[in-house]
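Chemist: For chain A, the structure is supplied; the task is to place chain B on it using the hints.
Protein chains in written order, with the working numbering: chain A, 1 to 362; chain B, 363 to 724.
Derived from the structure by calculation, the hints contain no laboratory data. Even for Gly, the Cβ is constructed at its ideal location relative to N, Cα and C. Please note that a few of the clues may not be correct.
Claimed, not checked - Sample of chain A residues at the chain B side, in silico, Cβ under 8 angstroms:
#, residue
1, D51
2, V181
3, I240
4, P242
5, R304
6, V337
7, T338
8, A341
9, V346
10, S356
11, R358
What the hints assert, rightly or not - Residues from chain B that keep clear of chain A, each with C-beta distances beyond 10 angstroms, as calculated:
#, residue
12, P618
13, G694
14, D707
15, A710
Number of protein chains: 2
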Amino acid sequence: MTETSSLGNLWAVVPAGGAGTRLWPLSRARSPKFLHDLSGSGRTLLQATGDRLTPLVGDRLLVVTGAAHQDAVRGQLEDLPDDHVVAEPSPRDSMAAIGLAAAMIEREDPEAVLGSFAADHVIADAEAFRECVREAADVARTGLLVTIGIEPARPSTAFGYIHLGDRLPGFPTAHAVAEFVEKPDAERARQYVASGEYRWNAGMFVARASVLLDLLAVEHPDLAAGLREIAAEPDRLEEIWPGLTKIAIDHAVAEPAAAAGKVAVVPGGFGWEDIGDFAALADLLPDAGAGVKVLGDAGRVLSRDSSGLVVTDTGRTVALLGVEDVVVVDTGDALLVTTTAHAQDVKAVVEAVKSSGRPDLT
Amino acid sequence: MTETSSLGNLWAVVPAGGAGTRLWPLSRARSPKFLHDLSGSGRTLLQATGDRLTPLVGDRLLVVTGAAHQDAVRGQLEDLPDDHVVAEPSPRDSMAAIGLAAAMIEREDPEAVLGSFAADHVIADAEAFRECVREAADVARTGLLVTIGIEPARPSTAFGYIHLGDRLPGFPTAHAVAEFVEKPDAERARQYVASGEYRWNAGMFVARASVLLDLLAVEHPDLAAGLREIAAEPDRLEEIWPGLTKIAIDHAVAEPAAAAGKVAVVPGGFGWEDIGDFAALADLLPDAGAGVKVLGDAGRVLSRDSSGLVVTDTGRTVALLGVEDVVVVDTGDALLVTTTAHAQDVKAVVEAVKSSGRPDLT
Chain A
1 MTETSSLGNL
11 WAVVPAGGAG
21 TRLWPLSRAR
31 SPKFLHDLSG
41 SGRTLLQATG
51 DRLTPLVGDR
61 LLVVTGAAHQ
71 DAVRGQLEDL
81 PDDHVVAEPS
91 PRDSMAAIGL
101 AAAMIEREDP
111 EAVLGSFAAD
121 HVIADAEAFR
131 ECVREAADVA
141 RTGLLVTIGI
151 EPARPSTAFG
161 YIHLGDRLPG
171 FPTAHAVAEF
181 VEKPDAERAR
191 QYVASGEYRW
201 NAGMFVARAS
211 VLLDLLAVEH
221 PDLAAGLREI
231 AAEPDRLEEI
241 WPGLTKIAID
251 HAVAEPAAAA
261 GKVAVVPGGF
271 GWEDIGDFAA
281 LADLLPDAGA
291 GVKVLGDAGR
301 VLSRDSSGLV
311 VTDTGRTVAL
321 LGVEDVVVVD
331 TGDALLVTTT
341 AHAQDVKAVV
351 EAVKSSGRPD
361 LT
Chain B
363 MTETSSLGNL
373 WAVVPAGGAG
383 TRLWPLSRAR
393 SPKFLHDLSG
403 SGRTLLQATG
413 DRLTPLVGDR
423 LLVVTGAAHQ
433 DAVRGQLEDL
443 PDDHVVAEPS
453 PRDSMAAIGL
463 AAAMIEREDP
473 EAVLGSFAAD
483 HVIADAEAFR
493 ECVREAADVA
503 RTGLLVTIGI
513 EPARPSTAFG
523 YIHLGDRLPG
533 FPTAHAVAEF
543 VEKPDAERAR
553 QYVASGEYRW
563 NAGMFVARAS
573 VLLDLLAVEH
583 PDLAAGLREI
593 AAEPDRLEEI
603 WPGLTKIAID
613 HAVAEPAAAA
623 GKVAVVPGGF
633 GWEDIGDFAA
643 LADLLPDAGA
653 GVKVLGDAGR
663 VLSRDSSGLV
673 VTDTGRTVAL
683 LGVEDVVVVD
693 TGDALLVTTT
703 AHAQDVKAVV
713 EAVKSSGRPD
723 LT
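The shape of chain A in the complex, shown without the other chains (with noise of 0.2 angstroms):
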């Protein structure tokens, strides 16, 4: 690849986390999301994430996932050597994942630049995709943090926003960010997008391993040391971990570098998605005909004035009659019957499930 003179020493990190609780009972924590294929594509989130970056790193790429998900891990990305797994002993964090593998590729190369992207997004472009990180890392190689802010497809209230500052002189498209906003009320979201100036925050970072480092030295010396510490014995990985700040890279490091004017975003616009409930997969997916989308066998879905979701990995025929909007999913041990309108209240019937006593179904 023509690329690979340029980008090698560019590797991908992905953190491999959350159990995705509002798509319950499709999702578990013993099966979480990105183990998932939510796209109907044949491909799971994980799959199809390496899919997008290994065009870009090749086998430069470390999964960073829970003790509990290492072997499905593996077993999906068949490819990849078996030490680009990093198992965390338990979770602690997005910071403590990224920067662990920061610390690896440190040691295995001073120079290196990681970009950092979860296993779980949806990105319809996946070239117009590669050709921001790349930016992105040509501006991480100048020693800023870089970002990549999403085109809003909509004043979202779900996701944290990009303010956009100054254009970065020398760089196609990348601006500094003036600043990380939190998630805004919906007037506020409005706003955000009408005025241009905003980006989506989709928790991508692009930056030298040590730079990242450093500037997480500043904030908590500590959890940057512990790392490095880690990187340099993995014997002590098990003795380590379980003492480290528990802590997000965006309040980490991000906010903080933001604030000192260390951070760079690079806008991108190529179709991006985070299936966080059902509403989402609803809109993702293509309609299967008769107003009803289906994940799953649509041969065995039958409906009748009817519109809205099923998931079903079962091989029982569903059959809707008469429901609007409505969700099903239909799973070997848990049905759940909801609306789009109450998608982000799944994780609600989680709780209550696990309180009913049967936490082997969350």
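Modeler: Leaving out everything else, chain B in the frame of chain A:
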């Protein structure tokens, strides 16, 4: 039992047929609704029918059912002699089914009185029901065809009605039947119920076996003769049965006899229901809490901001979130999601399932 002396020649005939298509996928052609426990009582509708009749008739009870269901019927009515389950070689409507039983009973006891009661009705007050049957049997001994007229619980358009004629002297509550009337429209149903002169026709008939067959012989002499031939020579069942006229008992006997002034009615107020669809089933079941009725293990049904009915026999957990008046029927190979308002249209779904290449599910 003190009643045995006066009712010693009373027989019960239980036609057990009809797939209960509007209760799909709970009720199937191969497992029709009378074989199911629809009240959550622990007894199937057929068993409850037997329980209700045994105090009146002991084992003078004949069940007439399809050949495909005879083993299931015998399995559910363990105390009934095997030859009291009569298998129809093919469905030939209610007159042939009840008439065959009548002919068999007539040979056993020429003075016998029979009462015919469907296998899939629900009756709340069994003793009040039996009291009606006792009076009906007394009236039947005078040579009349007697029906039981159900006190209407509401102006239903789903049932035919019986127009009461004059009181019959010498009996506690019996009337002549002025007329049987077909299922009315909503306005007419309201008028019927408001007048106090109409009762629901539940298809219950009580008569001497010989009176029933003689009435039949007036309008359909070949049918009456054929049934009596089979009773005389049971080996000829397969030969004669296919040539018998297919007709409902109402048209074959009850309506002509009423026109001739030969039918009486005993009014009954014992909480009768024909569970014709899931809306009727939902009405019948006790509230399990949280607004959702459950047929099955209510401990595995979780609901939040929901109402309606869950029928489940799979052992799966069923979670409802924000769905009103929903009907969820969860079986091993088919799942139905609809609403109580669409309960009558379930038949159309069954047709669609059949045409979809899965007649095995219907």
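Chemist: Checked against the structure, which of the hints given earlier come out wrong?
Modeler: 1, 2, 3, 4, 13, 14 and 15
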